[in-house]
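Going line by line, the protein sequences match chains A and B. For the first sequence, counting from 1, position 151 maps to 151 in my numbering; every step adds exactly one. For the second sequence, counting from 1, position 2 maps to 2 in my numbering; every step adds exactly one.
Everything labelled a hint here was simulated from the structure, so no lab data went into it. Please note that a few of the clues may not be correct.
[Unchecked claim] Pairs of lysine-lysine, BS3-like flavour, derived with a Cα cap of 25 Å: (1) Lys96/B - Lys12/A; (2) Lys96/B - Lys15/A; (3) Lys12/A - Lys67/B; (4) Lys15/A - Lys46/A; (5) Lys15/A - Lys94/B; (6) Lys113/A - Lys132/A; (7) Lys61/B - Lys15/A; (8) Lys85/B - Lys22/B; (9) Lys9/B - Lys61/B; (10) Lys61/A - Lys69/B; (11) Lys22/B - Lys55/A; (12) Lys67/B - Lys26/A; (13) Lys26/A - Lys69/B; (14) Lys55/A - Lys96/B; (15) Lys26/A - Lys85/B; (16) Lys12/A - Lys13/B; (17) Lys61/B - Lys68/A; (18) Lys94/B - Lys55/A; (19) Lys67/B - Lys55/A; (20) Lys22/B - Lys2/A; (21) Lys22/B - Lys26/A; (22) Lys12/A - Lys72/B; (23) Lys9/B - Lys72/B; (24) Lys26/A - Lys9/B; (25) Lys104/A - Lys85/B; (26) Lys72/B - Lys26/A; (27) Lys85/B - Lys61/A.
[What the hints assert, rightly or not] Stretch-level coverage of chain A by chain B, calculated; a stretch enters the list once three of its residues show a Cβ under 8 Å from a Cβ in chain B: (28) 21 to 33; (29) 82 to 95.
No residue lacks a Cβ here, since even glycine has one placed at the ideal position from N, Cα and C.
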Amino acid sequence: MKGIEMLPFLTKEQKELLETSERNYKRFARVYFQILSISENEAIVKVWQLENQAKRYLSEKELIDRTKAVFERILPESVQLHVRPVAFDRVELNNFSITDVEVKMNRLGLKPKDLVHLLNINKSQLSLILNKERGLTKSSKAMLYYMFKYIENEPGREPDISPEVVLKV
Amino acid sequence: MTHLFEAIKQIAKENPDGFTVKIPSLEWVIDGYIAAYLETQNCFGDEGLLRVLEHASKHDKIVGGWKNKDNKQFYFDSDKQFPGKEDAIEFGRKQKQIAIFDLQTFREIRL
Numbered sequence: 001m002k003g004i005e006m007l008p009f010l011t012k013e014q015k016e017l018l019e020t021s022e023r024n025y026k027r028f029a030r031v032y033f034q035i036l037s038i039s040e041n042e043a044i045v046k047v048w049q050l051e052n053q054a055k056r057y058l059s060e061k062e063l064i065d066r067t068k069a070v071f072e073r074i075l076p077e078s079v080q081l082h083v084r085p086v087a088f089d090r091v092e093l094n095n096f097s098i099t100d101v102e103v104k105m106n107r108l109g110l111k112p113k114d115l116v117h118l119l120n121i122n123k124s125q126l127s128l129i130l131n132k133e134r135g136l137t138k139s140s141k142a143m144l145y146y147m148f149k150y151i152e153n154e155p156g157r158e159p160d161i162s163p164e165v166v167l168k169v
Numbered sequence: 001m002t003h004l005f006e007a008i009k010q011i012a013k014e015n016p017d018g019f020t021v022k023i024p025s026l027e028w029v030i031d032g033y034i035a036a037y038l039e040t041q042n043c044f045g046d047e048g049l050l051r052v053l054e055h056a057s058k059h060d061k062i063v064g065g066w067k068n069k070d071n072k073q074f075y076f077d078s079d080k081q082f083p084g085k086e087d088a089i090e091f092g093r094k095q096k097q098i099a100i101f102d103l104q105t106f107r108e109i110r111l
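Given these sequences and hints, build the entire structure.
Right under this line is the structure:
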């Protein structure tokens, strides 16, 4: 486990427990742990999940719960565990790029003018957002990511898009 | 067997973080409770995979594996899947496992 060297006080049994848990969560759930820091009274552990075969994803609350169980009987009682969870959609969101925007637009049959309409912005604003040299800003990423998620997950609902696209579908 | 051997090796190569599949279909095991057989502990490399395939063929036809980052070896095991928790826990204890895994809730159950 990344950062395990920060826990030199671990017994052999505790180390084996941690390594087994790390292996199991990685193998079965694509959940990963990293010990970020440890002090006399606090330990900070990051936990995140990547894409998995079951397409099942834990919420931040569930990731925190799993992490606390992993570190049970591991940390000294005086050390409070703080968990930094990153749920799968956050990872996907953080990695969302202009290439992903293009892929989704193709898949959904959306043209730039549709995005202009859906997002209620003008063409030059859209060009600025999708500037490849600049890349997506944090807020643009979130805006586009969740917009596409909404469209993809609402079967039967036609987004309010231009007539040409409706006819094409 | 050769075809299955090569197929599992390929799955292993593509999934160094781990995998668990049914044989011979190679369908991923994604529900129930899963526990490993003691008999296939510490099976690694080609020889280990052959042993695991032989064991799994005679038992529950589930094979899994993961890459050990310390020694870069690929470890394999033969596994059993249970619909119910209690049976899985009992089996896991008999097989001297440290934990079993609930694939539905993605929760490890320490024994």
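Please flag the earlier hints that this structure goes against, numbers listed from lowest up.
Structure breaks hints 7, 10, 14, 16, 17, 18, 20, 25, 29.
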